[in-house]
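J.: Below are the chains, spelled out letter by letter.
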Amino acid sequence: MVKKSIILITIFTVLIVLPLIVPRFYVYLTSIILLTGLLATSLNIAIGYCGIYQFHHAIFYGLGGYGTALVITKTNLPYYIAFIVGPIVAVLFSLIIGLICMRLTKLYFGMLQISLGSLIWAVVYRWYSFTGGDDGIHGIPVPDFIADAKGNYYFTLFVVSISIFILYRIINSPFGKTIQGIRDNPIRTVSLGININVHKLIVLLIAGFFGGVAGMLFVVVDNAVFPDMMFWTYSLEILIMVLLGGMYTFWGPFIGAIIIVTLRTYLGSITQYWPMILGLILIFVIFFLPQGIYALIENFVKGKAHNADS
Amino acid sequence: MLTVKDLYRDFKGFMAVNGANLEVTKGEIVAVIGPNGAGKTTLFNLITGHLKPTAGIVQFKGEDITGLAPYKICRKGISRSFQIVNIFSKLTVFENVQLALFSKYSKTFRMFSKASKYFIDETNSILEKLGLLEKKDLNSELLSHGDQKVLEIAIALASSPDLLILDEPTAGMAPRETERCIELIKKLSKEYGLTILFCEHDMKIVFNIADRIMVMVRGTTIIQGRPEEVRCNELVQKAYLGDIC
Ligand SMILES: Nc1ncnc2c1ncn2[C@@H]1O[C@H](COP(=O)(O)OP(=O)(O)OP(=O)(O)O)[C@@H](O)[C@H]1O
Ligand SMILES: [Mg+2]
Chain A
1 MVKKSIILIT IFTVLIVLPL IVPRFYVYLT SIILLTGLLA TSLNIAIGYC
51 GIYQFHHAIF YGLGGYGTAL VITKTNLPYY IAFIVGPIVA VLFSLIIGLI
101 CMRLTKLYFG MLQISLGSLI WAVVYRWYSF TGGDDGIHGI PVPDFIADAK
151 GNYYFTLFVV SISIFILYRI INSPFGKTIQ GIRDNPIRTV SLGININVHK
201 LIVLLIAGFF GGVAGMLFVV VDNAVFPDMM FWTYSLEILI MVLLGGMYTF
251 WGPFIGAIII VTLRTYLGSI TQYWPMILGL ILIFVIFFLP QGIYALIENF
301 VKGKAHNADS
Chain B
1001 MLTVKDLYRD FKGFMAVNGA NLEVTKGEIV AVIGPNGAGK TTLFNLITGH
1051 LKPTAGIVQF KGEDITGLAP YKICRKGISR SFQIVNIFSK LTVFENVQLA
1101 LFSKYSKTFR MFSKASKYFI DETNSILEKL GLLEKKDLNS ELLSHGDQKV
1151 LEIAIALASS PDLLILDEPT AGMAPRETER CIELIKKLSK EYGLTILFCE
1201 HDMKIVFNIA DRIMVMVRGT TIIQGRPEEV RCNELVQKAY LGDIC
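Protein chains in written order, with the numbering used here: chain A, 1 to 310; chain B, 1001 to 1245.
Treat the hints with care, since some could be wrong.
Covered, in the sense of this in silico footprint (three residues per stretch, anywhere, with C-beta under 8 Å from a C-beta of chain A), are these stretches of chain B [what the hints assert, rightly or not]: (1) 1078-1086; (2) 1111-1118; (3) 1171-1183; (4) 1199-1207.
A few chain B residues that don't get close to chain A, going by computed Cβ distances all over 12 Å [as the list claims (entries may be wrong)]: (5) E1028; (6) A1055; (7) R1075; (8) S1089; (9) S1125; (10) E1128; (11) G1131; (12) K1135; (13) E1152; (14) S1159; (15) I1165; (16) S1189; (17) G1193; (18) P1227; (19) E1229; (20) R1231.
Bear in mind the hints are in silico, worked out from the structure with no lab data behind them.
By construction, the Cβ of each residue, glycine as well, lies at the ideal position given by its N, Cα and C atoms.
Based on the sequences and whatever the hints tell you, model everything.
T.: Written out as structure tokens, the structure is:
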């Protein structure tokens, strides 16, 4: 317990001083990693902790981004409204898509979600006059205090920290335990008088909301949105982050996000075969790391502690 | 308390429950017996809402509960255990019971408080009642089969039901575990005044603890009555029990 909080405090301190010591590009990269980490963690709430086949999570990321971007570029409303509207748009669509998909279970839920999500993607991709079509929207202005790399880094760090803290609390709350019960044994859970569908729907809203928050942060950091953010292949990429890091662990998906974003940044720019690399990573995870990297680290640390004891 | 009237359930042309009738009064222990495939589990699933009947009525405390969702039926006061052990195997023994209490006290939507702080005393007292207190921190999949079955009863009890339904509570238990489980069922009925409906293949157990017995053959109720009546009923003997009168 104590050890864990020491690790957390250390990481947090490093994150706070980071922009003071590293070049701007790395500050930008870390911001992207942080918001992507939140994105993967929010997906894990649904797929890992509640067993819902949320196959098109990128939709909520995209909606959060577009919601924010459109309010900023098309209206005169204050910025903070734009930052709130993004996640709210994501929640609303999460509710609608959830209500439709909940009629189906497991894989069918996931397939229907991919279809509906692709529909939304197609609308965004085509509607030039409103969404900017395949170009997306670029050069989105943000308030001065978060306009430079350092400013938006601290903003991202702040929002991601709070979000992760909230998600952590949720996982360890009675609600969190209930959804894990639903995942492990739905039949036993209903027999306890628990309304599974209502709980699942709330999980979808939570996942959608924080996916939307990540999308909003992307607008702040990158000043742009584009349809690829919500293309189904990106959903697959987030899913791979979750699997790579460890689906049933809280921090696993974040670690997965760090690895995938870093790899994409360095390999994606020198080769055109990023999807193939992703595929190889997926195969590697399925065969050699079914529990994810976090479990590996945990076992390693525990093993060491064990050796030290004896 | 519970009345089942002319209940039918069709599985694509096969009548698994084919005219079942059952009456359970408050405070009783009622057993359902019948050969393998007689439809006992299906009957319990119909009562608890896990399956919807093709025809017929289920009444509980004077209210029609036919075809209600299982979680609603639980809230009306019916809890159950399953024939094949059905627990939260990744949770500890303690957490299994605690989860049932979250539901009982409508705390399953609490998102920002620590789960581990809730209902510690009540969970402990239920576990103590059932003799599982020393094992409360074990992962429940590490329990012996017999203990897992008892844990399932503990989970069902945590909802404070008026009617407890047990599907073959002693199936697969070692003789000593079986004895302990029988004592437990008797205790729940006597000391806590629980109404219990169960099914069981072991006739010794059935005639030992049941106040009344309902006999089911090929989905149909043949008779429901006191153990002596059932034991000596001609139809039952022909269909099932053979010569034991
Ligand atoms: N979901 C289902 N689909 C089709 N047939 C089913 C289904 N569930 C049960 N049955 C059939 O219904 C009949 C009754 O099954 P049920 O499990 O209720 O019997 P049972 O009395 O509990 O038997 P046992 O003593 O072996 O537990 C069996 O022939 C079974 O094959
Ligand atoms: Mg059965």
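J.: Hint by hint, say whether it matches the structure.
T.: Evaluation of the provided hints:
Counting residues of the region 1078-1086 of chain B whose beta carbon lies closer than 8 Å to any beta carbon of chain A gives 4, which meets the minimum of three for the stated coverage. Judged by the Cβ-Cβ criterion of 8 Å, the region 1111-1118 of chain B is covered by chain A as claimed, because 7 of its residues qualify and three suffice. Counting residues of the region 1171-1183 of chain B whose CB lies closer than 8 Å to any CB of chain A gives 0, so the stated coverage by that chain is violated, three being the minimum. Coverage of the region 1199-1207 of chain B by chain A is violated in this model, with 0 residues showing a Cβ closer than 8 Å to a Cβ of that chain against a need of three.
The beta carbon of E1028 (chain B) sits about 22 Å from the closest Cβ of chain A, which is more than 12 Å, so the claim that it is off the interface holds. With a cut of 12 Å on Cβ distances, A1055 (chain B) stays outside the contact zone with chain A, its closest approach being about 24 Å. Distance to chain A contradicts R1075 (chain B) as a non-interface residue, since its nearest Cβ pair spans about 5 Å, not more than 12 Å. Some Cβ of chain A comes within 12 Å of the Cβ of S1089 (chain B); the nearest lies about 7 Å off, and the non-interface call is violated.
Once the 12 Å rule is applied to beta carbons, S1125 (chain B) is consistent with being away from chain A; the minimum gap is 18 Å. Distance check for E1128 (chain B) against chain A: the nearest CB is about 20 Å away, which clears 12 Å, and the non-interface claim stands. At roughly 21 Å from the closest C-beta of chain A, the C-beta of G1131 (chain B) stays outside 12 Å, upholding its exclusion from the interface. For K1135 (chain B), the shortest C-beta to C-beta distance to chain A comes to about 19 Å, beyond the 12 Å cut-off, and the non-interface label holds.
Listed as outside the interface, E1152 (chain B) is inconsistent with that label: its C-beta sits roughly 8 Å from the nearest C-beta of chain A, within the 12 Å cut-off. Listed as a non-interface residue, S1159 (chain B) fails to keep its Cβ farther than 12 Å from every Cβ of chain A; the least gap is roughly 6 Å. Its closest Cβ contact with chain A, about 10 Å, brings I1165 (chain B) to no more than 12 Å, contrary to its assignment away from the interface. Every C-beta of chain A lies more than 12 Å from that of S1189 (chain B), the closest at about 21 Å, which supports listing it as non-interface.
For G1193 (chain B), the condition that its CB be more than 12 Å from all CB atoms of chain A holds, with the nearest at approximately 21 Å. Separation of P1227 (chain B) from chain A is adequate, the least Cβ-Cβ distance of about 29 Å exceeding the 12 Å criterion. Every Cβ of chain A is farther than 12 Å from the Cβ of E1229 (chain B); the closest lies at roughly 33 Å, confirming the non-interface assignment. With a minimum CB-CB distance of about 33 Å to chain A, R1231 (chain B) clears the 12 Å threshold, and the non-interface call stands.
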